[in-house]
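Heads up: the sequence lines are chains A and B, in that order.
Each residue of the first sequence is one higher than the one before, counting from 1 in the numbering used here.
Each residue of the second sequence is one higher than the one before, counting from 381 in the numbering used here.
The set of hints was computed from the structure by calculation and includes no laboratory data.
Please read all numbers here as calculations on a predicted model, not as lab measurements.
We treat Cβ as the ideally placed atom computed from N, Cα and C, and that holds for glycine.
Among the hints, a few may not be true.
Stated by the list, open to error - Listed next, with one range per pair, are the computed distances between beta-carbon atoms:
1. B:Asp-597 with A:Val-117: 32 to 38 angstroms
2. A:Leu-147 with B:Pro-802: 53 to 59 angstroms
3. A:Cys-228 with B:Phe-738: 44 to 50 angstroms
4. B:Met-803 with A:Cys-228: 46 to 52 angstroms
5. A:Ser-290 with B:Arg-787: 42 to 48 angstroms
6. B:Pro-802 with A:Glu-335: 44 to 50 angstroms
7. B:Gln-671 with A:Arg-160: 49 to 55 angstroms
To be verified - Examples of chain B residues lying across from chain A (beta carbon under 8 angstroms, computed):
8. Val-708
9. Pro-716
10. Leu-728
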Amino acid sequence: MPALSGGQHKSAWSPGFWAAFVICAMVLVLAVPLLNSWVPKDSSAALPDYLVPLLGKYLCYALLALSLDLIWGYAGILSLGHGAFFALGGYCMGMYLMRQIGTRGVYGNPLLPDFMVFLNWKELPWFWWGFDHFAYAAAMVVLVPGLLALVFGWLAFRSRVTGVYLSIITQAMTYALMLAFFRNDMGFGGNNGMTDYKDILGWDVHQPSTRLGLYIASVMALGLGYICCRFITTSKLGRVLLALRDAEGRLRFLGYSVTNAKLLVFTVSAVLAGIAGALYVPQVGIINPSEFSPGNSIEIAIWVSVGGRGTLVGAIVGAVLVNSAKTWLTGAAPETWLFVLGALFVVTTLVFPRGIVGLLRRPIRIRAQAAAPVPAGEQA
Amino acid sequence: MRVRLVGLAAILFVLLAASGAAKADDFAVLVGSLAGDSFVEKEKAVGALGALGDPRAIPVLQALTDERLFKSSDGRVVISVTDGGTARVRDAVTGDEIAGVDPNSLGRIIVNNRLRGAIEGALGALTLFSADPAARLTAAQDALRHPSAAEAALLEKAIAAERDPEIRAAMQQSLAAARLMSGSKEERLAAIRALGTTTDPQIKNLLDEFRAAPDTDPELKQVADAALASIGNRLRLVGVAANLFQGISLGSVLLLAAIGLAITFGVMGVINMAHGEMIMLGAYTAYVCQQLFRAFLPTDWIDAYLPVAVPVAFLFAGAVGVALERSVIRFLYGRPLETLLATWGVSLILQQAVRSIFGSPNKEVSNPSWMTGGFDPIGGFTVTWNRLYIIFFCFIVLGGLALILNRTRFGLHMRAVTQNRPMASVMGIRTARVDALTFGLGSGIAGMAGVALSQVGNVSPNLGSIYIVDSFLVVVFGGVGNLMGTLVGALSLGIVNKFLEPVAGAILGKIVVLVAIILFIQRRPRGLFALKGRTAEAEA
Chain A
1 MPALSGGQHK
11 SAWSPGFWAA
21 FVICAMVLVL
31 AVPLLNSWVP
41 KDSSAALPDY
51 LVPLLGKYLC
61 YALLALSLDL
71 IWGYAGILSL
81 GHGAFFALGG
91 YCMGMYLMRQ
101 IGTRGVYGNP
111 LLPDFMVFLN
121 WKELPWFWWG
131 FDHFAYAAAM
141 VVLVPGLLAL
151 VFGWLAFRSR
161 VTGVYLSIIT
171 QAMTYALMLA
181 FFRNDMGFGG
191 NNGMTDYKDI
201 LGWDVHQPST
211 RLGLYIASVM
221 ALGLGYICCR
231 FITTSKLGRV
241 LLALRDAEGR
251 LRFLGYSVTN
261 AKLLVFTVSA
271 VLAGIAGALY
281 VPQVGIINPS
291 EFSPGNSIEI
301 AIWVSVGGRG
311 TLVGAIVGAV
321 LVNSAKTWLT
331 GAAPETWLFV
341 LGALFVVTTL
351 VFPRGIVGLL
361 RRPIRIRAQA
371 AAPVPAGEQA
Chain B
381 MRVRLVGLAA
391 ILFVLLAASG
401 AAKADDFAVL
411 VGSLAGDSFV
421 EKEKAVGALG
431 ALGDPRAIPV
441 LQALTDERLF
451 KSSDGRVVIS
461 VTDGGTARVR
471 DAVTGDEIAG
481 VDPNSLGRII
491 VNNRLRGAIE
501 GALGALTLFS
511 ADPAARLTAA
521 QDALRHPSAA
531 EAALLEKAIA
541 AERDPEIRAA
551 MQQSLAAARL
561 MSGSKEERLA
571 AIRALGTTTD
581 PQIKNLLDEF
591 RAAPDTDPEL
601 KQVADAALAS
611 IGNRLRLVGV
621 AANLFQGISL
631 GSVLLLAAIG
641 LAITFGVMGV
651 INMAHGEMIM
661 LGAYTAYVCQ
671 QLFRAFLPTD
681 WIDAYLPVAV
691 PVAFLFAGAV
701 GVALERSVIR
711 FLYGRPLETL
721 LATWGVSLIL
731 QQAVRSIFGS
741 PNKEVSNPSW
751 MTGGFDPIGG
761 FTVTWNRLYI
771 IFFCFIVLGG
781 LALILNRTRF
791 GLHMRAVTQN
801 RPMASVMGIR
811 TARVDALTFG
821 LGSGIAGMAG
831 VALSQVGNVS
841 PNLGSIYIVD
851 SFLVVVFGGV
861 GNLMGTLVGA
871 LSLGIVNKFL
881 EPVAGAILGK
891 IVVLVAIILF
901 IQRRPRGLFA
911 LKGRTAEAEA
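Here chain A stands alone, though its shape is the one from the complex (with noise of 0.2 angstroms):
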């Protein structure tokens, strides 16, 4: 779609960006905890213990949000398997969480977990080993969507398996996960996944501080996240991202390798995702297979479609707003619910293909549209 934004800013750097990032960044990370802490309880303006965990959420969803619109809004590839490498990374900071227990389950095992000792385990396989150590685990969070990004897209980019295909097998990869997660002997608890946590790096999960504290961890990822996206598209990298989008075959008969430029940007965004899992899992609480359902997935292209492909601010913008209405509609009025989220879906991609930020943004694009030559691989 040349309609789509992106590509170098001559300003992609300039004093003025870096100022309001940092404006951004001081409000996010300032304004909540002042207003949680700080304001009286009983005053209008304080926001309540409940809300922190929920703003943290919404974050790690932008995160996740802006890892899909780096590789579908630059390099075109829509990838409906977004949402297991987010669960992969939750999975891997449960496991973590699990491990903290110690002897506080119910079974008071201090080397299983509750679920393992119900099932009848004797000793910890193997995968679990290390799990106990913070640092371990965090190593995990980004190399196991990042290694199963990278046999993914090796195996796919390599055959050339492009648009439509590539959706469809990145949404049987998730199915497969899903399926694989819900069975019991798996070891990663089944269908009840794992939940009950007490501590995360020493300090109690139920905390409000603690919380103050994940959800802060959530605005430095996100503002990271972002500078790296941000960095990457408006790199040399970004413009052949841009080119492979627009015009693949084109690019590859340029002699530019097409393959290695969309591995490099699969896995980056793939280990974006699970960061964005692994902070997700202990502010909500929970993790368990039902994070790998297709259906998922296809929402993180949503939340994109609303905010804006191509835009990195509107991946965000779009995750913040979806979610929010979601929470707000699904308590108000459950059942109107995925009617809004259905009609989301029909009317950002009939009327609205660029979304919020990509309207904001209409004058200058229009001259941009007109100048440039239709695409060769967007025709049907």
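Guided by the hints, dock chain B onto chain A, whose structure is given.
Then chain B, alone, in the frame of chain A:
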């Protein structure tokens, strides 16, 4: 000559009458001795009645155990039957009603627990001679559980009287089992040979026991080994056949779900994520048809709801498809990823709409009577009618679709538009109309698939989402734009799945298949039956 013939006939007649009389006499005597005072005598009479194999003994013994058997003042044995509040009395031997008997003059024939046990055994044996074929069949199969010499004698008698080949076969099998345990060496040999041709696990256990018994003749042991090996082979064959049937059945379900997609995705290149919901709408159409038939038509018409539901579902889902194409999809041609998202949204709306109207719990759609039950082709597994009908139905749909595509004007237009839209338009084909109708056709087929699926699974608002991933995989695996590929893809996925299930378990088997497909698509990104040349490039 004539005199001689008449004489012969007369002799025959006398002989027949005599044998009948002798039998009747035995029965009458035995019934008479039931009225005696000694429990030992009664027990003997009960056992003899059981061994007699006369179905007339059944009501008598039943009456005896229910304490409805009486001795009348004139020495006859009678049964008292309470019919609508008035007590009637019948003669136990002839079964004729006796009028004007004073109930107070009757003496109850007393039974004890030991006698009750004997009666139960005799009744069990007599069921082999019951007038009800189903009861006879059950009795013949039950006889397998207590093989003995007495049982063998009874079974021989029953086989001689039996006319139904199926029951006869069951009786012969039980007879062989009884002989195996009690007969002479020759009889045992013959019995083992006869038993070697079955697949019944009970008989396999029986033979195993026989073989393992320490006092078994070595020669018999050898024969038993051979018979066991042959049963083992047969069981393996049955296992393969059962897996094959179930695989084809699953394949046909996948195929039905995927055929419509082969049109919308395969021919038109539209990623319709709401395809599963078209299936779901079809299933709900079947449900609504059933409810309407139940509410407004005579009860014996209910079986006709299914043939009515098929075209109705086709039209309804087809109409929804046309509406969807006209309102959403036509604006998105050439933008497959956007189509995917928009149709996903439509699928959410349809799901929620159905959930709001019908509620989320599963709806019950019953099989018409001609689709219930099944039959056993080689012994050991059952081919159910509903699955068999679905297999046929799916091939009819596939064949019909192939005919429409290749032999009708509409099919020609359809192919023309998909191959070269501007040229088709120049030739006077109304491309927009063809697009809408093609999409309607694909959706309509999905609707019919939904009717079929309602016969084998649950009808719930998320019925479609169960099949959506699978049906896309079938189409992609088989090769886009190719009905043959869809057929081969669906059947091979179904069969592989079912053969993996016993080895790896249902879920793991499915995961293995999914991973295999993902890897397969890497090798052949355009499926099994890939289009070649320029068309293939245009498809991308």
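A quick look at each hint next to the structure:
| no. | hint | result |
| --- | --- | --- |
| 1 | B:Asp-597 with A:Val-117: 32 to 38 angstroms | violated, 55 angstroms |
| 2 | A:Leu-147 with B:Pro-802: 53 to 59 angstroms | violated, 47 angstroms |
| 3 | A:Cys-228 with B:Phe-738: 44 to 50 angstroms | holds, 48 angstroms |
| 4 | B:Met-803 with A:Cys-228: 46 to 52 angstroms | holds, 48 angstroms |
| 5 | A:Ser-290 with B:Arg-787: 42 to 48 angstroms | holds, 47 angstroms |
| 6 | B:Pro-802 with A:Glu-335: 44 to 50 angstroms | holds, 45 angstroms |
| 7 | B:Gln-671 with A:Arg-160: 49 to 55 angstroms | holds, 51 angstroms |
| 8 | Val-708 | holds, 6 angstroms |
| 9 | Pro-716 | holds, 5 angstroms |
| 10 | Leu-728 | holds, 4 angstroms |
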